[in-house]
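Chemist: Grab the two chains, each in its own frame, and use the hints to assemble them into the complex.
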Amino acid sequence: MVPSQLSAEHFRGYPPKARQLAADNVGLLRRLPLGFVPFLLKEIILYDWKFPAEQRELNGQIAYLEGLPDEQRQAEMARFAGLHLDASLEAFDWVNSPAQFLELLSAHLWATHQTDEFREASEQYVHKFYAAFARPALPVPRLGIVVVGHGVGENRYALFRKLRRSGVYFSNVNPANGLETLLETVRTRAKNYPQAYGHWSIQGGGKVAAPGVTCVSYDELTPVRSSLAEKMRAAYESPKFNPETLRTVLAQVEPGSLGMAGDATLDRFQLSLLTEGSGTQIYSTTFVQWAAREALRRAQPLTLLTRYTARQKERPMNELLTGTGRTVATDPEDSLIDADMGAYYTWLNQQRLPGAEQSRFLVWFEDHGEAVAIAPHLKAGTSDASAIHVAELLRKIA
Amino acid sequence: MLRRFRGEPSTAREVAHAISRNRREFLREATGAVAAGTLLRPYPLSALSLPRARKAVVVTFGGGARDDETFAPDGQANIPHMLAELAPRSTFFTQVINRGILGHYVATASLATGVYETFNNFAKVSPDHPTVFEYFRKDLKRPSTDAWVIAPSNGFNRIGESGYRGYGPGFGAGVILPKRLLAAALTNGGEGNFNHLLRDNYESSSFSPVVGGNDVELKTLSDIFQLSVADFVAHAKSLASPDELSVYIARQLMHRLAPSLLWITLHDIDVAHSGAFSLYLDGIRRSDRLCAELWRTIQAEPEYAGKTTMFILPDFGRDSDASSGGNGFQHHRTGDATSRTTWMMALGAGVRENTIVDRPIESTDLVPTLGALLGFSASLAQGKPLPEVA
Numbered sequence: 001m002v003p004s005q006l007s008a009e010h011f012r013g014y015p016p017k018a019r020q021l022a023a024d025n026v027g028l029l030r031r032l033p034l035g036f037v038p039f040l041l042k043e044i045i046l047y048d049w050k051f052p053a054e055q056r057e058l059n060g061q062i063a064y065l066e067g068l069p070d071e072q073r074q075a076e077m078a079r080f081a082g083l084h085l086d087a088s089l090e091a092f093d094w095v096n097s098p099a100q101f102l103e104l105l106s107a108h109l110w111a112t113h114q115t116d117e118f119r120e121a122s123e124q125y126v127h128k129f130y131a132a133f134a135r136p137a138l139p140v141p142r143l144g145i146v147v148v149g150h151g152v153g154e155n156r157y158a159l160f161r162k163l164r165r166s167g168v169y170f171s172n173v174n175p176a177n178g179l180e181t182l183l184e185t186v187r188t189r190a191k192n193y194p195q196a197y198g199h200w201s202i203q204g205g206g207k208v209a210a211p212g213v214t215c216v217s218y219d220e221l222t223p224v225r226s227s228l229a230e231k232m233r234a235a236y237e238s239p240k241f242n243p244e245t246l247r248t249v250l251a252q253v254e255p256g257s258l259g260m261a262g263d264a265t266l267d268r269f270q271l272s273l274l275t276e277g278s279g280t281q282i283y284s285t286t287f288v289q290w291a292a293r294e295a296l297r298r299a300q301p302l303t304l305l306t307r308y309t310a311r312q313k314e315r316p317m318n319e320l321l322t323g324t325g326r327t328v329a330t331d332p333e334d335s336l337i338d339a340d341m342g343a344y345y346t347w348l349n350q351q352r353l354p355g356a357e358q359s360r361f362l363v364w365f366e367d368h369g370e371a372v373a374i375a376p377h378l379k380a381g382t383s384d385a386s387a388i389h390v391a392e393l394l395r396k397i398a
Numbered sequence: 001m002l003r004r005f006r007g008e009p010s011t012a013r014e015v016a017h018a019i020s021r022n023r024r025e026f027l028r029e030a031t032g033a034v035a036a037g038t039l040l041r042p043y044p045l046s047a048l049s050l051p052r053a054r055k056a057v058v059v060t061f062g063g064g065a066r067d068d069e070t071f072a073p074d075g076q077a078n079i080p081h082m083l084a085e086l087a088p089r090s091t092f093f094t095q096v097i098n099r100g101i102l103g104h105y106v107a108t109a110s111l112a113t114g115v116y117e118t119f120n121n122f123a124k125v126s127p128d129h130p131t132v133f134e135y136f137r138k139d140l141k142r143p144s145t146d147a148w149v150i151a152p153s154n155g156f157n158r159i160g161e162s163g164y165r166g167y168g169p170g171f172g173a174g175v176i177l178p179k180r181l182l183a184a185a186l187t188n189g190g191e192g193n194f195n196h197l198l199r200d201n202y203e204s205s206s207f208s209p210v211v212g213g214n215d216v217e218l219k220t221l222s223d224i225f226q227l228s229v230a231d232f233v234a235h236a237k238s239l240a241s242p243d244e245l246s247v248y249i250a251r252q253l254m255h256r257l258a259p260s261l262l263w264i265t266l267h268d269i270d271v272a273h274s275g276a277f278s279l280y281l282d283g284i285r286r287s288d289r290l291c292a293e294l295w296r297t298i299q300a301e302p303e304y305a306g307k308t309t310m311f312i313l314p315d316f317g318r319d320s321d322a323s324s325g326g327n328g329f330q331h332h333r334t335g336d337a338t339s340r341t342t343w344m345m346a347l348g349a350g351v352r353e354n355t356i357v358d359r360p361i362e363s364t365d366l367v368p369t370l371g372a373l374l375g376f377s378a379s380l381a382q383g384k385p386l387p388e389v390a
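Just so you know, the sequences run in chain order C and R.
Per my numbering, residue 1 is the first one in the first sequence, and the count goes up by one each step.
Per my numbering, residue 1 is the first one in the second sequence, and the count goes up by one each step.
These are calculated hints, taken from the structure and not from any lab test.
The model shown is predicted, which means the values in this text are computed figures rather than measured ones.
Glycine residues also receive a C-beta, built at the ideal position from the N, C-alpha and C atoms.
Take the hints with a grain of salt, since some may be wrong.
Derived coverage of chain R by chain C (criterion: at least 3 residues anywhere in the stretch with Cβ under 8 Å from a Cβ of chain C; other residues may be distant) [said to hold, decoys possible]: (1) 113-121; (2) 247-253; (3) 329-336.
Bound-form chain R, shown alone (with noise of 0.2 Å):
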């Protein structure tokens, strides 16, 4: 049975319109450093006058986080270091519309590409069309070095490049899944103390213990970080998720490589399928403290300081309490307006502070963004260049 309440917005616009008059007025309130005059005007001056981004840094996160427990009254104790530290310092986008399919690792696929890619989800294969990494490297003829995913699970591990002719092998980015590593290094018999580590969901495109493909073998990773083995793993016995792990390799990964493209997907938040509301809350005050840590790690770093972009967004959004198709913050599975409507906040080199855009944007638009950041061409994206930050 499917049913509205009365008053709510009926059509997926009001919904969409909805969702972003919240976010914009909670942050003005929440920040308290955004005049009203600059959230009502259209954008008012171009990014371009500000220093060019050299670097950029695109954090995701696979497993949306709702308003209701982030931007809204009810969510706001969980997010306190985007609200503090980060949004004073961004251009954020209140409406940013995945037109794709909502499923995590099609819906990455398609953000890195800028085109909404029709694969099947749990399928082990590339994205269709060509990804940033390829654009980037191939155009401004940048080594293997230069750009890194750093994804959460097996399933991610194509999502370096595409299979586009012209494209594909030989101009992707080195991907690295956090989890596998420290699997392989588990080598005796210690994996019951870290499995809190390895864990993932059985909704997920995770469960696939054979893969091939570009990622990063052991070896590879103790040459690049100057690690040992031991010392990654005594490490890794101080972290409590598997995000965690994630964002100590993306920092070994800047101060080693220092690349210029670095792109992380956290999924941490995806434990929500599970169904444990509490759960999903640690995940996201998790993903909170994680962006932070990312941001100051980027300003503490000489090869990125000054001259980087951040970009942080969730890949779609999670169904709402209010589609009985749904089951609320538990799944994506509606395609419904909050499922599909998330926000993005871009903050570093060449970006304005203190600025919200209400616009709707697109999910495709990340990409063409980034070329006009870093000077290539996205020439197959669907998406458009931002100009508020591009």
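Same shape as in the complex, but just chain C (with noise of 0.2 Å):
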């Protein structure tokens, strides 16, 4: 089938608010290239669980093209109408399962040398999409704090490199009642400014609640890991095994048969983290990296809290993946390695955001006296060895 043939009752099989909008603007989907229709149908048949800052995107990514001139949008589009797609895909019930077409149509282009002329055209979309979409104002900027090095004594790794050239590196942090000030600020900035997935507090140990906070756990997820790992576990021993099996295996999980019953949106965001993350089901650092990654792109957060824990020894895969073997031994020192490059990341991803020209970030080496500030009023690239407080440094970047 090709978009051209698309009628409402194609949409029969989606979610009701995924329904209604794809009847709604059946006539746009007609009218776009099956080069480009799937990527927009796997972002609506999954309308009903997402963010609010994802419906607003989506809703007015439609608008956009429904309001070009078909000139226009003809021209926007000639670059996705251009690639050379087989038969198979075509064939494929691209509709009703959009993300196993993309995997599909990305191994085709991969394979066809048309990688390359497909992620131009995105991003040459993207940057016309997000120039003529306007987004609302913030009613604070962006808060990032990232707590990293729990559990280490002595550390001889050169923390916050590359964040250090961002901001200011304070070398003498009293670490005094430092996390209980970091959560009292989340808790404070959630109820100053509610907004519903607006705060968030991602943990690579227990559960951190408080009103207005959308929390992420690493170990509270862990009977769900448990039940993954074991669908992982079956899938890995079969000998038709392969990661693209595993992949498919994995996106066809549904948070009901892992026992999740919660918030609907949250639990398929949280799910997706262990399903479409690499390492997250079985590496802490990994997990509240990715998790930090995908709630900033996602759900666009005023305030993001993320705090490393330290992460289990390597082991064998098949080891890490059923719990089984030797007694698991943490590995406070790597971790912090690897929550120093999350923290990067967590400040990259948050700067891909808008307002990210006022954005605030803060990371801090827990219980000890080193952090990085990064504030557009502090002097990139500089340091600062005076007596400081974790709550004064919020003071300093507010």
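Modeler: What follows is the structure, encoded as structure tokens:
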């Protein structure tokens, strides 16, 4: 089937809001090429469980495409329409399984040397869309906080080398009540600027709950991770195993099958962290970094607090998945290195969001004296050895 | 959302040139041995006036290492051996572009055929085009014992020969999968002590328990290496990773059979897919050390010293931190310039020392270059011999 054959009836298998959105815009979808429509449908089919920021952007994207004069839309779609796709892709049920279609499309583009063309076309399209997309003003500058190094005693790794270039390196931070001070800041912002999924706490350890704060915890997800690991192990031990089949197995997992029965949007989000992320099932450091990336990309929070804890030591993959074998030991020192890079990536991802020029960022070595603070009014690439408390650090970047 | 940071190169070509420039400048500063004039002039003299190679050892990294963790200032501590021991003795190509599929098996196959192979990275298939081993053995009428591949995992077991008519079965290389050998040797319940050597990550093409193809069975291995299973297992106890096991096997092979064409694919770095940055750095440091060990072995083995050219190159790079579609070091999925642009070091017989080549070359140029060095024709390869070394 090709997009011009689409009708509202084709979306009857979609969840309610997604079905309505697709049906309302079937006229637009018919006019888009097969090299593009499934990307839109992949987002639309999940509309019911998307965060408000995502829904806003998806609505905006549809409005943008709908608002273009026909000739201009065709010009914007020309590079997607020019991709050479084969008959098997056309024959695939891309309406009901857009994500699986995109896996096949991706393999096809790589094999036919069209990946670069597709990537450039995508970048061009996205730039044009965002240039035309009006986003609501933020009520307060975005704030990212990363806490690293839980459980580390002596450290010989040169921390925050990358982040120091963008902010002030503090080497004499008084750690007393540091963590509680940071948590209180998140609570206060959630109270003062209430927003659905606008304030997040992502923990490598146990859950840290607060009113108005979306909480994700690696430890809290242990039962889900265990159930998922069991499915992965079964797939792994299958004679037909390969990484592609594993991805298909994971993509088909529903939150309910793993005992998740909370906020549907958050459940889907957390499940996606474990099914779409690599290493998130086995290393808490990877989980925190990836969760922060996805939370920023998708929910665009005003406040994000992430705290890394020690991950388990490296072991063979089958042991990591099953939890069998030797007693699980943690690796605080290497986890600090993981978290240091994770903090840098969190900052990079925060800077990709609207309002980046005003955003604030703080990374702190928990229970130790090192931190980097980044804010528009702080001089990048400098250091400060004077004694300072975490609360004062927060005031400096306010 | 796709954005770039202010001041960064914006096109793939600009990024590739920036990478090349950074590598050149860094090597110049780090090794202190390369004259600026040499860097800036076109390659001055033909390598043909140097002693020609009669043997070649190729080391590829399955799982590229980015400049940030190697040739950039932040990364230099991770590659002390390459910088201090190998780079000053090498012709260093700063800009090797891989225009093919960025999956490890298919990319390694492309390196070995000189053609951008297009098969599914996870399929258990032979390369579609003749491999360097087939060209070498057929053209030069070399026996099967003269070309070997040491590969990281089961997914690579068909890398030694293609399905191409006129080449293929009977002309390929022997393929050794060290982890499979060790697994076969561990028949007495000792597996728990060796899992660190058998590990893999689930993004690699490694999890196929059923394999076939031209790999060497344990008995043949013991015949070749004259090692008892017990000795092999005992030595394995002292090793820390799968790549160490691969290099151990390589050294045994060099000592016993002295093959003229030896291809080793290291894979520890690809632990990066797990997202643990510290493990990725460990992999880089280990690869750095193992490359130096192989170079020293070449110098120490009479069959190799003075007549061997060694090539070291990652199969491709990893995603840039600036690519919003990726996740930095963790993967190589975006196809951005950083993930497609890598480097190559050539050193030994027939190769000029202390030389940096800035012009872009392609990863498919390796096989024709090996052909020019060793005297065979890679007639179906897409690449071209590199005049700087061939």
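Chemist: Against this structure, judge whether each hint is valid.
Modeler: The hints, checked one at a time:
no., hint, result
1, 113-121, "holds (count 4)"
2, 247-253, "violated (count 0)"
3, 329-336, "holds (count 6)"
Checked against the numbered hints above, the structure violates only hint 2.
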